[in-house]
Each structure stands twice: as structure tokens, then as C-alpha cells.
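J.: With chain A held as given, fit chain B onto it using these hints.
From first to last, the protein sequence lines are chains A and B.
So for the first sequence, the working numbering puts the first residue at 1; every next one is plus one.
So for the second sequence, the working numbering puts the first residue at 1; every next one is plus one.
Everything labelled a hint here was simulated from the structure, so no lab data went into it.
It does not matter which identical chain is used: a pair holds within one copy or between any two.
Result set (SDA-like, lysine to any residue): computed pairs, CA atoms no more than 25 Å apart in a straight line: (1) 28 - 113; (2) 164 - 151; (3) 164 - 127; (4) 164 - 204; (5) 28 - 136; (6) 34 - 113; (7) 138 - 68; (8) 34 - 112; (9) 34 - 72.
It should be emphasised that the depicted structure is a prediction, and the values quoted were computed from it without experimental measurement.
Number of protein chains: 2
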Amino acid sequence: MTFTQMLAATWRKNNSLLCVGLDPDPTKFPAHLKGREDAIFEFCTSIVDATADLVCAFKPQIAYFAARRAESQLEALIAHIHKKHPGIPVILDAKRGDIGSTAEQYAIEAFERYQADAVTVNPYMGRDSVAPYLAYPKKGVILLCRTSNSGGSDLQFLDVGGEKLYERVARLVTTEWNRNGQCALVVGATFPAEIARVREIVGDIPLLVPGIGAQGGDIEATVRAGRTANGTGLMINSSRAILFAGHDENYASAARQVALTTRDTINLYR
Amino acid sequence: MTFTQMLAATWRKNNSLLCVGLDPDPTKFPAHLKGREDAIFEFCTSIVDATADLVCAFKPQIAYFAARRAESQLEALIAHIHKKHPGIPVILDAKRGDIGSTAEQYAIEAFERYQADAVTVNPYMGRDSVAPYLAYPKKGVILLCRTSNSGGSDLQFLDVGGEKLYERVARLVTTEWNRNGQCALVVGATFPAEIARVREIVGDIPLLVPGIGAQGGDIEATVRAGRTANGTGLMINSSRAILFAGHDENYASAARQVALTTRDTINLYR
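Extracted from the complex, chain A is given alone in its bound form (with noise of 0.2 Å):
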């Protein structure tokens, strides 16, 4: 199954566009995981197994794994999705972006070395930084577009000739770099009206949209820009507030309750 139809099979079937970002920062967890060496997989592998029927996708941040030297926890990880949890996309959140030769390389880490079935990348350095992702066309290759952060709008907001920059990233993957059918697109939620500005240049492309939860994105506003006329194209990222909703040995079913709140709370304005 290629990417796009895994998720399309979880939106269905775990009724829910809700992806869980798994951010794992061992400054927060629970005292009892604190000093244990696989800390990171123990509970990053809690909150998958006591979400996975509510997500329609799995985001591990690789740079919480990198700062850790825990890279050999980030491939247990993955495999452990893909064993107990078959089906659920894992979108490896690493915003690569190289010329074609070290694209190449990266590609090679994401897909093969980590078996992530998505992964997301930044398009400043443009088509040929990205198309070693497109050449595995089973995988999702996500543009980075709008993004969440205050910053955001210092290079994506510029007007390049009637239009913004975000809208010109829109526009160039739907056009070119979408032929195979495997792109998705980061929008943040902290920019509604962007969303739908995205959403009415890329048809039913999907979105990934970080902001809600700790960032402060609006589900609803988030759920009415962005869903496609079958109530889907989706994939809302919440981290912080689920990961760490929960503060003690009973924080994988703190995590489950707020993701169930959230999924519910996105269905509500699907």
C-alpha cells in the first residue's frame, strides 16, 4: 500500500484525522522512566499503543532522537508500529532538504534505514533537492508550506508576484511535483485562512497541520479551512498536549483521553 492509501484507510477506519506527534523530550517524562536507558522507546511505544486506534498517523520528530544519540530507539520505534499497529502511517518529521546527491542519502535514512512511510521536506532548495523522496513513489513526500511558528511569515509570507510564497510552494507541488500522487503539504493551524488558501490551490491534496494543543491553533477554524468535501485531507499534529497530559505512571491513559477528546472534538466540525 502506498502512503496515501494507508491514510486514507485510517481516516476511515479509526474515524479520526488526528496524528500524533511523538516529540519525545526525556526533561518531561514521567519520574519513573527518568535514568532507564530505553526511556525514549518505553514511552514514546506507551502512548502509540494506547492511541492507535484514534490516529490516522504516527509523527516521530527525529531531532529529539538525534540530541540523544538515540537513533537506535527511533528504528525500534518504528518497527514497533509497524508490528503491533499495521496499517497506521508513520510520517518520519526530519524537514530534510539537500541537493540531489545527499537528498539521495536522506531518502535512504527515512525509507529504508527507518521504514518511515512518509517523510517531510523543505523546499527552499527546489525539485531536485526533492526528487529523490518523489523516486520511492510508495512513500509520502511532505513540502513544508506554511508553517506553524511566529517566523513563519519572514520568507513564506513575501508577495512573489501577486502571490505569497506559500502559495507559490502550493502551487508547484500540485503542478509538478505531485504526478505520482504522494505529496501532502504542512500548513500550520495557527493560520486558518492560509489553510484554506491552500487547500482551494491544491484540491484534495492532504494537509499536515502542526499548531494545536501547545501552539494554539483552532481546531474548528483548523477543521473548516482545511477538510476535503468527504470530510477528510487531514492530518491535524498534536505533540505536547498529548504526550504530556499526564504526569505520572498513568500518563499513557492521561495521553489516550486527551487524544480522544481531540479526535472527537476535530470529528465534530468534519
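T.: Here is chain B on its own, set in the frame of chain A:
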């Protein structure tokens, strides 16, 4: 010493603007190294030891290590450079770019885990995605500006209100992000006119220039366009042309020969 001071010292001491890029592609290694578990470390340290008196910096490309589970060899390589060749700055070529909380993790990866002296960063997500690297005032932060690949023009060459996007990035770095004097910019050797334009905008800020050698950039045009008044200001990167100059057990001396010629050719035009 700060990155900027280290760089000024190696420019002078080694009379060199040459940066050797360490992009260890094992499929191109000499036969006697193939199959060795530490082949990447062995290959890179041989190149480093053979060229250390000829360079202003070394630039390992993390993708080649990440694709092959060789993070520990990258740690060992950088430790080797610091120990055996103290004073030569190490640029971790990672082109990271993410929201602030994630960028903090990437800064830990680059500066604390790997002990790099500088890191390459993608500007697409704007100021708060760059701030966590700037928070290490002794470290270098090297922003992508005008990249050497063909797709670089897709976004970087767009007109944004009377200037190109890459010129806007150069101005942002110069006027806002370089308050500690720790920034540099990536400008590809394939576009000498644009190197000259960036030099005009940024004053004496160092430029990291990939694209000579395998990518075909012209050394004379690069140096004339990018040098500062005192004949420095450039880290002219060559990777493949040096690394894979030889194909047998003498690969390190073959690399030295090409590095020497490249350094001296650069110096003709300073």
C-alpha cells in the same frame, strides 16, 4: 575561540580558503576499505590527516552517516579532527530547519553531541527557527542563501518586492540574525554574479561556497566575486573531486594532491 576566530586563524595559518567536504559514499571507497565496519571513519580520517594543513575548515555531511547508521563514526571523526588538528573548525552540514523547540534539539545534536563548531541551517521557517543556534554565541550558523543546485532557482530566484528571495535572506541575516557576528551564508559557486551580489549585501560575512569540482563551478570567477578586501571571506568547498581523486590504497595522497592544487589555484585569484 569562536567559529569566526577559528576560521580567521586557519585562513591565515594554512593560507587557504579551501573547505574539504566529507561526503563519504561507501560505494566509491577503494576496494581495500569495503566491508570494514569502520570504513567511513577510516576513509574520512585518512582524508583529514592528508589535507589538514591545506584547509580552512572540514565539512562532514551528516546524511552520508545517517543513511548507514554511522552516527558513532561521525562523533569519532569530529573528535579526531579536534584532537589531532586543533584549531580547524568543523562545519556540520545538516541544513536543519524547524520550529524553536525542535531547533533546540537540533542545536544540541550539532553543538553538544557532535561538538561541531558550526552548522548549516535552512532559513525557510524564519527567525525563531534560527534563534536556538544563535543562542550558542561561539558557534557558527551558516544559512542557506543561494544554493548551487539547478532547482535552487525555483524559490530563491523569485522576485520579492524588487529583490530576489536569496537577496532578502542575505539582508535578513546581515541586519537581524548576525548580532553576535556568528553567521555565514551558503552561496553556490555555480552563480558567480550572485556571489558578488551577496558579498555586496553582507559586507565581510563569510560565505560557504559549494559547487566547484564535481558540480562545475569556476574557481577564478568564484574568488573574484566573493573575496573580501583582505583576500579572505570564503570557504570554498570541494567534496567529491578531492575525496575520490584516487581509487586505490593511495587515495589519501591523491586527495592531498588535488587539495593542494585547488588551494593554490584559489590563491592565484585572491
